[in-house]
Amino acid sequence: MAAREPGGRDAALFAPIELTGRGFYGVVAILFLFILWGGVAYWVQFEEGLGVTGLHQPVSWGFYVTNFVFFIGISHAGTLISAILRLSKAEWRRPVTRMAEVITVMVLFIGAGQILVDLGRPDRMMNIIRYGRYQSPLLWDATSISAYLTASIVYLYLPMIPDIAILRDRLQKRKLFYTVLALGWTGSERQQRVLNRAIAVMAILVIPIAVSVHSVVSFVFSMTLQPMWHSTIFGPYFVVGAIFSGIAALIVAMIIFRKAYGLQGYLKPIHFRYLGQLLLIMSLLWFYFTFAEYLTGYYGGTPEEMKVFWAKFTGPFWPFFWGMALTNFVIPILCLVRLGRHTIAKVLTASLSVLVGMWLERFIIVVPTLSNPRLPFGEGIYWPTWVEWGELAGSFALFALFYLLFTKFFPVISIWEIREGREVGLKEVEERLLTYLPDGSEAELAETGRRW
Amino acid sequence: MSREHSVPDRMARAIQWGLAGAAVLFIGGIVTWISHLIRTAWRLKDVPSASIGISLVAVPVFLTLLGVILYVFWGLLGDRSE
Amino acid sequence: MALWGMVIDLDRCTGCQACVMACKAENNVPAVGAGEAVRGRIISWMQVLTEEEEGHPGEIKRFMPRPCLHCDDPPCTKVCPVYATYRNPEGIVTQIYARCIGCRFCMAACPYNAKYFNWRRYQKEAPGQNPDVSVRPKGVVEKCTFCHHRLQKARDRARVEGRELAPGEYITACAEACPARAIVFGDLSDPGSDVARLARSPRAFRLQEELGTKPKVIYLTEGEGHGRA
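Top to bottom, those sequences are chains A, B and C.
Taking my numbering, the leading residue of the first sequence gets 657, the next gets one more, and so forth.
Taking my numbering, the leading residue of the second sequence gets 23, the next gets one more, and so forth.
Taking my numbering, the leading residue of the third sequence gets -10, the next gets one more, and so forth.
Think of the hints as simulated: they come from the structure by calculation, not from any bench.
Hints are all accurate, no fakes.
Below, in silico cross-link-like pairs of lysine to any residue (SDA-like), each with a Cα-Cα straight-line distance of 25 Å or less:
1) K203/C / G957/A
2) K127/C / G695/A
3) K1064/A / F765/A
4) K963/A / P64/C
5) K67/B / R780/A
6) K963/A / E40/C
7) K829/A / L41/B
8) K829/A / I1074/A
Covered stretches of chain C, as calculated for chain A (at least 3 residues, CB under 8 Å):
9) 17 to 31
10) 85 to 95
11) 102 to 108
To list a few chain B residues with every Cβ distance to chain A over 10 Å, as calculated:
12) G43
13) V46
14) L47
15) G50
Idealized CB from N, CA, C, for every residue including glycine.
Okay, chain A solo, but in the shape it has when bound (with noise of 0.2 Å):
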């Protein structure tokens, strides 16, 4: 088929899953040390307990909890990004929103997975369904995390159908797969209003389930009594700095495919330069949040209180606090104040930092609570072994391994909508425009003006 018509509009969109060149197999490979170093360390923690990792009395919790709450945060990206820019008739979405969704629901797994990487007795996990209780902040991030995940997966799911049937009619591989999945895709009227439908109410319904996935996340913290835990604005500054990080996990993503499957055509500058604003918006937002939650906690401070917060301010936290002010902050507001030249290479300056730096900011907000109690103990310092790096790397890598397999299988950029776009979009944009402008001619407004 694809040598009938060479080159062919869209060519670059099927290529991947066409042809599987030696590139892929070397990044297969190594991701699979990486995977496999995570896998061992797990094995080894498996075996003799937790007491492998560097976690103690009383930092009991650590990198796990950290990559838990740092990886269902990437997780806001996708989906409400492109829940929101879907909503809002943002054109330029059209070549965005699909790798937002794949996004969610690549990462929404890994990070329910470091739940079960930090449990003492994995082999006892079916209690939580057996013997699950709902006053557990615990639980409620169990049901939030399943509803968000089927919901997610729905909305990847439900507009890559028409691309189903592209691939159905177009490849001789993989025939039934492709047949089953694209649902009998014919593109009839009836069906695209079933479809169009559909997506529009879970582009609604994903908003909601997303808020309140990262606000029962931040509800295991601020549900507790601990200092610099117990704090009302937990939930919305989990949300802000989810989709902080989202959006710059979208961003790399988006440059990496880009520059791997030659998508230049689809993915320009301007597209980065939007999302570049958003970051830019999103960063002021968070250091916004950072700052009322720091500035009460100093400004009440009761003596708990300031045990926490000079720990991170000049304490033994230093560097990971300044860390992350220079990296979700300073760096990215220099990168994306002017983004005329060198967008794509300033805006993923400012993604990768703000990656870092909200790794950085979620550990900075389990660890030193933890480590500095209430009572006279001393305060702990939490030092990860190589168990811990190695669940970190495997989780990078495991999340980077089903992304890759997922470009492989379906077109990671939407064939439908970008053709759609090409032929309807343009016409509607311009009739929409056209209701937003005043109606009637010229001189009818001057006259009414006049009047006035």
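We have chain A already, so just place chains B and C on it with the hints.
Only chains B and C this time, still in chain A's reference frame:
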């Protein structure tokens, strides 16, 4: 396209309805699980209000999700006017 | 129904650690070994905290024995996802080792750091252990139980002898071992009991009372020598 269903076509259709069934089972399982948690909390007098309150939000959300899934399956697969 | 509680008189405490050792022997609390101890994984259900007296640095040390405070409104039981820790009707906050999934949420939620985790498998069943107390496996949380097994034993004995449980029949190992008699244990709901009488003392205070956890371990402040009434 041929009107009569070929064997792979019938198989695809069977898997598709199987997927819809799996969605019903999955979400049905979650709803059953939530009601199991309410029952446990009630029996142990262990803050049943929390379970009931959360389920009042969670169950409708899951049922709406199921509704959307079934609507799509029914709407796409039921369309034979090719 | 009884409401078990404890009064610890800080004026009498000498910081001798007898309570700590008695507790370890009574409850099969594992010795984790030097390597684990350096990593901060000592398990000590009863722990004597020390603090330099403000204004007298290096001169006066203050001691505070800290068991589990058995809060009447415990922050730890609220957050447990699987009902592995709960407050029983007599006010004792208990752990179910066979149920615990090791998420350590209760440890993060306890404002008194009274909960301990089995980071490794620290011990097996062996001769010389107290047969009344189960040995904890790896990966679960444990803490002071107010020597709950002693209550069960005392109650069984009373039932066999066909009488009510007498005051003083059930007492924790730490209270029994304290040479300075700083620890008094008993039924807070019985207004005539020693522990209830001491709990009404003007010197009585509760740790981090402002958190509203309502601990049932009540401390008596140090005397005039330390600047407090």
